[in-house]
Every structure is written in structure tokens, then in C-alpha cells.
Amino acid sequence: MFKQRKIKNSKNHSEFLKTLLHSLPKEEVIYEPEELSVYECDGLTAFRVLPLAVVIPQKIEEILVILSACKRFGVPIVVRGGGTGLSGGATPVEGGIVLSLSKFNQILEIDPINQVARVEPGVTNMQVSQSAAPYGLYFAPDPSSQIACTIGGNIAENAGGIHCLKYGLTVNNVLAIKMLTVEGEIVSIGNVGGESPGCDLLSLIVGSEGMLGIVIEATLRLLPKPECAKLVVGCFDDVTEASKTVSQIIASGIVPAGLEIMDKLVIEAVQSYIQVGFPTSAAAVLLCELDGMFEEVEEECRLVEQIMIQMGAKEIIRSKNEEERLLLWKARKSAFPAAGRISPDYYCMDGTIPRKSLAFVLKRIAELAAQYNLRVGNVFHAGDGNIHPLILYDNSIVGEMERVESLGEKILELCVEVGGSITGEHGVGLEKLGPMCLQFSLEEIQQFHRIKRALDPDALLNPGKAIPTLHRCAEFGKMHVHQGQIAFAGIERF
Amino acid sequence: MIDCPSSATDSITNELIEKIRRVINLKEKIKIIGGGTKERLGRKVVGKPINVSENRGIITYDPAELFVTVKSGTPIGSLEEVLKQHGQYLPFEPPHLGEQATVGGVVACGLSGPSRPYKGALKDYLLKVRIINGKGEVLTFGSQVIKNVAGFDLFRLMAGAQGTLGIILDVTFKVLPLPPFSTTVVLEKNATEALRFLSIIAAKYFPLSASCYYNNKLYVRISGYEKSVRRAEKEIGGDILANDHQFWNSVKERTHPFFINSQRLWRLVLPQAAPLLPMEGEWFFDWGGSQRWWKGEEDNREAIFRWARDQGGYAWCHDKEVTLASPLDTALLRIHRRLKEAFDPFGLLNPGRIYEEF
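Protein sequences appear in the order of chains R and A. Quick note on numbering: the first sequence equals residues 1 to 494 in this note's numbering. Quick note on numbering: the second sequence equals residues 495 to 852 in this note's numbering.
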């Protein structure tokens, strides 16, 4: 479906590089293989492609020059921010360049009157909140990699984090962007006032994985810092009880700032890593953060504790001060490195399910894990149903990786079966092109392709990511056949 | 949990789908009609009327899951009533603009009420939309969960597209618990003071849920737990407004005296702290100052569009029978045209509804 126009021979490669080197300062163009290898993957290291070149421009005019050269030679462009993505969204494309926006790293304005930050795409997520802090404001979306991930990357992936349940994803916190179209035009999309005429292009661009345009500036909504935040931790003997408690808390009318679950395997790993005082005898801990005005936090803590006890919590820990709250969160945030200590390798899945299906899905995952003879730990954003099963394995054992992939696919299939999604916050990238065929029909995928063609007719921007080709879906064996029509008739093949 | 029996869901929706497909196959232009309450919010559409208002009913509602899936022809008022019975609501407070207003019409017009700056817009509460595109294909985008980043967010694109990209069949909204307590304070302030004051209180963690300014009075609604609301009320100051529900409803539904008998009404969406406007006339500020309504004598439409754009905003001109939006610049217009072609290659769905060009 995508028209991939790869450069076919080295003569064109060298002509293209000559053009770049002629038009840009030498230090902005990287083309030696040993230097390129730094950029051969993002956070998903299983996929590695050496790009033709990496360009690191400093000015918008330079991006325009690069775009123009890429168009002329038909060279694909993969835009890269912090490279922390976990689905291969920033993996280079063969014969293409990586356009690093790391030098577009200025906070252009913090406007406390309108409560917005205007930033360049290379600014890290954490920097925005740090710059807004003197005004008592912050940027709510908080992906785990927020210390390193950039706003451009957040926008590309519609990144989430612990606080999404109450404060929304990136898409809910971006007010406007400036974007370069593939034709090299600058368009302003969105409005600080919150609404713009025409269709909501802003929501289309956020989460489009860099396939529809190049974001060169973003205006972000800043929120006032809550007066108070407290963490209530319930320790349960049964992961099902903990899962059902999640629904009970939400059903009671409380929307926590964060609601996370860690299961026994993860608790044990974390306890041996940082010792925060979680009982290792517990089958699951439920972490519930409540924030707001002092009065409401007090009221909600009381209600949450009451619900946890009713639902069978054997022990409850409530943070007494900010130091304790951060320590308890540290346990949650250490889950991944802790898992790395108990297994040579692990594969972190990302899918979303309705909250009511949590208990069923966790039970089913345990059954599947036993079937595949693999250990699976669970640590996830229970409040919004975004699960992150960690499949532990050893890559040095022949055939183990294949079993991991197969188990992972079964888990995502389960997510779709219960009405969820194959990806909650990591994106599709290269990793989940196959599972996209589980979630979407032939017609829906074709609609995605028509959107891609509408904004990037020659498929120069991050081609081959996020939306599978129909051919791929056919091979994946998940293509829907409508009313007995012959499968895949008339599908474009290449 | 409410579940519409699937056979009932299928028969009504399928009948509509077949009808729409027949019209699309004949390549006839289509004018989508719901409750007919928002005719004025766009340009005139010439086409075969397709009425979707019989496609009504709640498909799934599970209060503990905080979402509801509902057919597009469902009256928005009846949906809100069901949610209220379970202590929940649509936090973007959709303006109905008439008793017959439907869910599909509210989504298509992308309408959000007074709570918009504090609770989010309609698009922030959309989780899933099922549509028929201009090729007669039934497509579903989004899911019932709040975290879903698979594929492009084509469901949010339907909010405000006024039916130009697809005919909405059903919609899934995220819902939230109704705040347990709410009150409104009124403060005497001029427009400049009011805007400054709103910026100050919005930067504190007060549970604000609406604010507007009219005729030297600033109205601030606070919603949440009673203890928090009481403290915020005390710190913000002012007098308590009696019957505040009625007041905010009049703002939301544009039945406040300001909106009555207006032959031409301007709506400007601007950064909250944008300067006061240099036009003589009567002003009403909503959304903490971001949504500004104006009635005046100025006839130079282009000048007002330009002024709004210079402030980083946009404008809409509501004449008696039609609404015109700020013109799009060339590149944006091109993107819109291409999007239209991607969804509706033959240009059949509500042609020219927002802009003449698509």
C-alpha cells in the first residue's frame, strides 16, 4: 500500500549525501557507519536498521532543505526525538535518513496567565514541568521515560503514564502545534483557546507516529499543581481481589490520580531490589494515589481505605508525608529494573482492557504462561486497564524468543477479545504491525492508508510504521473475510 | 449495566446502513439530519435528506467502567437523564440547542459547554465512533478504553467535522461521576479585572467547573466535595448565586438574555488572556474568557476574522440562518480537502457544510 521509494544504487546514495553535505554544516550530517550505529534502533532494540545518514539540523530552514533533498531523491525520513520509544517508531528505514530534532530543545515560553508552555519538539517531558514549577504549574502526561523522552516523541506516540486516568494522555494536553507538511509548508494547528475551525487535525496528528508531518513546535496545557497528594497501598492475598477493588474504587465515584497493581512476582523482585516494606507474602499490591485540595484528598483516602478493607485487603499503608509517598512510588517505578535482575531477559507487553476484565485477563495470562512454560510478572496501570505483562525469558535458549513472541501475540489477542486495544501507550511502530490486523478490519486499515496518502502521498515520512500493509495482514492470517467474499481479492501486492 | 438486545441494535442500525448505502451507490449528495437543532451552525447543505434520528438507544452502559455506547439518533437529553440516575454525567456539558438534539449532532458539531476549560472538550470524552464513510463502508475507530494508541485517532476527527467525513452510527463516551456538591459565586468586576482574576484562580488548585463574565459581573462555578468547595468559595469571595443551575443552563443553551433576538452573533475563540476587543458592542465571555460572544454593528466580517487570527484565535459569524467560520489558510485548506477525499472520495456527505471547498 505504501509506495516505498528506496534508493536503488550507491551512486544515488552518494549524490544524495553530497547534496546534504553541500547544503548543511558538516557537523550536522552523520554518515560514517560506526557513528550511525548509535541511531540504528530506539528503545525496541530487537529491530535494528542502519540509516543512510543522520541529520541533526538547528534551524527550520535546514529541515526544509533536508525535506527538499529527500523528495528529490525519494529518500524516506524517520524523525527522532529521545529515542526512548518502545515499539520501534523511530527505527530507521532502510535507505532512509534519521532526522534528529535534538537541537530543537528550547522552551520558547512559559505563559502562566494562559497556563501554557510553548516548546520545541526536542524538549524533554520533564523539562516542561521543571520550567513551569516556579509558577505552581506542571505538564500532566508523565511517561515513565519522562526524564529523557521528548515532547516531539510524546506527540508522535500519544504517550501516557501513571496520571492518565485523571489527567488524560498527551492528546488531551496539547493545545496547538506547528507542523511542517511533507511539501515543506508550515501549518498551525489548534488554538490556545481550545477549539479551531474545520476538522480536529490536532487529534489526528497526535499519535500518528511521525507519519503525517514534522512537528516543529507545540503549545502544551499546564495544570496547577495539586495542593496535596497521598498514596494508599492495599496488600491483597489474591490478585483477583485487588483487580475487583479497582472497579469498586472507580464505581464509588473516585477518580484517582494513579491506580496501579503489582503482582507477587514483581513485588518479590522489587523487595529484593529496594526494600520498601511491601509484604512479600502478598499476592498483589494496589497503589492508589489521590490528589487535589487537602479536604478532598483526606475524604478520598478514607473512602479508598474503606473499599480496600471491604474487598479483602490484609494490610493498608498510607503515605504520611511526601518522602514516604515518593518512596512507595519508587517501588512501582523500579519494577522494570527489578525484573531485569531476576531474569536474563524480559519482554514488556502493552495492551489495554476494560477494568472489569482485569481479573479474567490476569487469570488467562497465568494459564497461557503455564502453557508456554514461561514466567509472567504483572505491573500495570490498573485504573485505565493498561496492562504490562512482563514475559521473563532467556534469549540464549534456542527457540525461547519464538515462544515469547507467540505468548505475547496471544495476550494481545485476549486484549482485543475483551474489548480493549493492542497498545495503550507504547504505539504500534514496527512491533505491532501484525496485531493491528487483530484490531482493525480490512476497510479500516484501508481508511488509515488513505489518510496517510492524503498527507504524505509519496510515503516519505516514517513509511512502513504503525499501519500494516494488507499483504502483511494476509500473512498474519487475521484478515477479515466479509460475507464469504474471496479472501484478499484485488489487494494490492508488492 | 444496560445492554440493548443485539437483535434490536442490528435491525434498526442495519436498516439505516442499507438505506445510506443505497443513496451512496447512486452517488447522490447527502444532507444528514438528526434532531434538526443545529441547522444554523454551519452552511446550507443541498442534498438528499437522510434522517438518522430513528437510530436511537443505549447500546451498552456500565457505570463502573465509566463509559457508555449509544446510537447517534438518541436524544442527548435522554442519555444525560440515564447517566444522572447512576450519578454520572458528560463532563463537557454538551449544549443541546433544542429539545430534539441528538448525540450524533452534538458530536458532529463538536459542541462543549461552560465546563470546557476546566473539564475538557467533547473530543476529550470520545472513546470510539462507528461511521459510514462516503464509500458506504462501516468503520469503527477507537475502543471503549481510555488508553488506546492503535492507528490514527480517526474517531476524534469526527468531533466538529459536521458530518463531512462520515455519517455517525454510534458513539462511545467516557463519563465521570457527578460532582457531589456545586456552587456559584458572583463578583463585581470590569472585564479587564475579571480576566486577570480568572487567570489567578485558575492557576490555583481550586475545583473550578465554569466561569463567565457579563455586564460587570464575573460568575464562577466550583464543583467537588463540599468541604473543598466551601474553602474555595471562601477564598475566591463574592456572593452566592441562587438557582445557579438555571443560570449555567441558560449560558450553555444560549437562552441567556444576551443571546435573545440576535440577528448576527459573533463567537470568538481566543487565548484566555487575549486583550479586550476593539469593537463597540455587547460582550459575553464564557470559558474563562476563551469563548467570547459579541453583538455589534460592525459589518466588516473579514476584519473581525483577521483580528481574531492576529490574537491566536478564530471567529465564527452566526447570521440568522448560517454560520461562517474564519477562513482556513491555503495549506490547511488543502489538508482538509485531501482528508475529505480520503473519507468521501465522491464528495457526497454534507458537502460545503463547514467550508464551500469540501
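It is worth saying that the hints were derived from the structure and are not from the lab. Heads up, the beta-carbon is just placed ideally off N, CA and C, and yes, glycines get one too. Some hints could be false.
What the hints assert, rightly or not - Computed far set for chain R versus chain A, every beta-carbon distance over 10 Å:
| id | residue |
| --- | --- |
| 1 | His13 |
| 2 | Ala46 |
| 3 | Arg48 |
| 4 | Gly168 |
| 5 | Asn321 |
| 6 | Ser421 |
Said to hold, decoys possible - List time: in silico SDA-like cross-link candidates among lysine to any residue, alpha-carbon distance up to 25 Å:
| id | chain 1 | residue 1 | chain 2 | residue 2 |
| --- | --- | --- | --- | --- |
| 7 | R | Lys356 | R | Cys228 |
| 8 | A | Lys721 | R | Ile254 |
| 9 | A | Lys578 | A | Glu747 |
| 10 | R | Lys59 | A | Gly806 |
| 11 | R | Lys59 | R | Val187 |
| 12 | R | Lys225 | A | Glu729 |
| 13 | R | Lys178 | A | Arg831 |
| 14 | R | Lys320 | R | Cys228 |
| 15 | R | Lys178 | A | Leu827 |
| 16 | R | Lys225 | A | Arg725 |
| 17 | R | Lys59 | R | Gly136 |
| 18 | R | Lys356 | A | Tyr583 |
| 19 | R | Lys103 | R | Ile186 |
| 20 | R | Lys320 | A | Gly806 |
| 21 | R | Lys178 | A | Leu826 |
| 22 | A | Lys629 | A | Gly806 |
| 23 | R | Lys225 | A | Phe691 |
| 24 | A | Lys523 | R | Cys228 |
| 25 | A | Lys525 | A | Val540 |
| 26 | R | Lys410 | R | Gly399 |
| 27 | R | Lys71 | R | Leu21 |
| 28 | R | Lys356 | R | Val255 |
| 29 | A | Lys698 | R | Lys59 |
Unchecked claim - Covered by chain R, according to a simulated footprint, are these stretches of chain A (three or more residues, beta-carbon under 8 Å):
| id | segment |
| --- | --- |
| 30 | 531-542 |
| 31 | 604-612 |
| 32 | 697-709 |
| 33 | 774-781 |
* Hint numbers the structure violates, sorted upward? -> 4, 6, 7, 17, 20, 22, 24, 29, 30 and 33
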